[in-house]
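Given the sequences, and given the hints that come with them, work out the whole structure.
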Amino acid sequence: MSNYLPIIGITMGDASGVGPEIIVKSLTHDIVYQQCRPLVIGDARRLEQANVIVGGSAKVRRIKDASEARYEAGIIDCIDLDLIPDDLPFGELSPIAGDAAYQYIARAVQLAEASQIDAICTAPLNKEALHAGGHKYPGHTEMLAHLTNVDEVSMMLVAPQLRVIHVTTHIGIIDAIRKIEPGLVQRTIERGNATLIKAGIARPRIGVCGINPHAGENGLFGYGEEEEKIIPAVKLLQERGLDVTGPLPADTLFFRAGRGDFDLVVAMYHDQGHGPVKVLGLEAGVNVTVGLDVIRTSVDHGTAFDIAGKGIADERSLLEALRQGAELATRRG
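Positions 14 to 346 (the numbering used here) are the ones given, in order, by the sequence shown.
None of these hints come from the bench; they were simulated from the model.
Note that the structure is a prediction, hence the values are computed from the model and not measured.
Just so it is clear, CB atoms sit at the ideal spot from N, CA and C, and this is done for glycine as well.
Taking lysine-lysine pairs in the DSS-like style, the calculated list, with each CA pair at most 27 Å apart, reads: (1) 72 / 323; (2) 140 / 291; (3) 192 / 149; (4) 140 / 323; (5) 140 / 192.
Across the chosen pairs, the derived CB separations fall in these ranges: (6) 126 / 68: 33 to 39 Å; (7) 165 / 248: 17 to 23 Å; (8) 230 / 288: 19 to 25 Å; (9) 291 / 46: 26 to 32 Å.
So this is what it looks like as C-alpha cells:
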C-alpha cells in the first residue's frame, strides 16, 4: 500500500441530526489522522455547537478551499458553507437542514471531480427533510449518481465478517422483483467483484441470494424467478472466470458468509441484505456506494433525531466509514 494519506471529504449530513456530533467525536481520535486527511464540508458554527455539546476540546477552522486545509489533529478543517442559522434546533425536521445536506454533497462532488479529495464519507441525512428542502431523491446513493452523471450504482454494506451488495434498494418488494433481470444482476456482481479486487482480494468468492424461500427449490416456490432472472447472469460470469455461486437460499447463505465461506453476498432486495447486517449492530456497518468515479462510504444509521443534541451519539460507525474510505481510496488505480 502507498504511504499516501488520502483526503477524505466528510459531508456533515442533516445539521439537525447526530452528524455534527459524530464528526466532532470522530476527529478527536488520533487514528483517523494516521489513516487519512479529513476535510469536513459543512457549517463551522454547527460543528462548534456540537463540540460544546459533546464536551470536546477540538478547534474548528473555517476555510473556503481545500488547499487551505492543514490536517492537524485537534483542529477540524471545515469548508464552511454557512447555511445553518445559529438557532436551528437539534432533533427536529427542517427544510433548511435538508437543503444544506444536499449542498454539502454537491460541493463534495465538485471537490472530487477537481481531484481535491480522494473519497467522500457522508454523515446521515433525513430523506423527509431532503425532500422538504426541494431535493427529491430517495437518498444519498441516488443523489450521488445524479450529481456524477452515473446511470447505475450499487449499495454495498460492509460489516465485520460480512459484505453485502444489493441488486435493488429503495423500492417496494413487488417493484424490486419486477426490476431484477439478468443484466442488472450481472452488472451488480461485476461492480462488487471489482471493488473487492481494489480492496486487495485477488479473486473474491461471491455468493448470490435467491429471491424466493430456498432459492425457489427447483420451482416449488415462486414462478421461476431464479431461473429467469438470476441463473443466466451467474452462468455467464462463471464462464468469464469469476468465482460466483448461486442462487442460494438467503437464510443459509448469510450464515456461510459469516463463517468465511464467501467474501461477498449479493442480495436481491433491500431488507434481504440490510437485515443480517443490522443484526450485527448499527455501529458495525458501513455503506459503500459502488460504481461511482469517486469512492463514497457512509455510516449505516440515520439522523437519530431522538438523541440529536444530547452528546450521546456513537461515532464508531463513522470511524469505520472513514477507515474503509481511506482503504479503498488508497488502493484506487
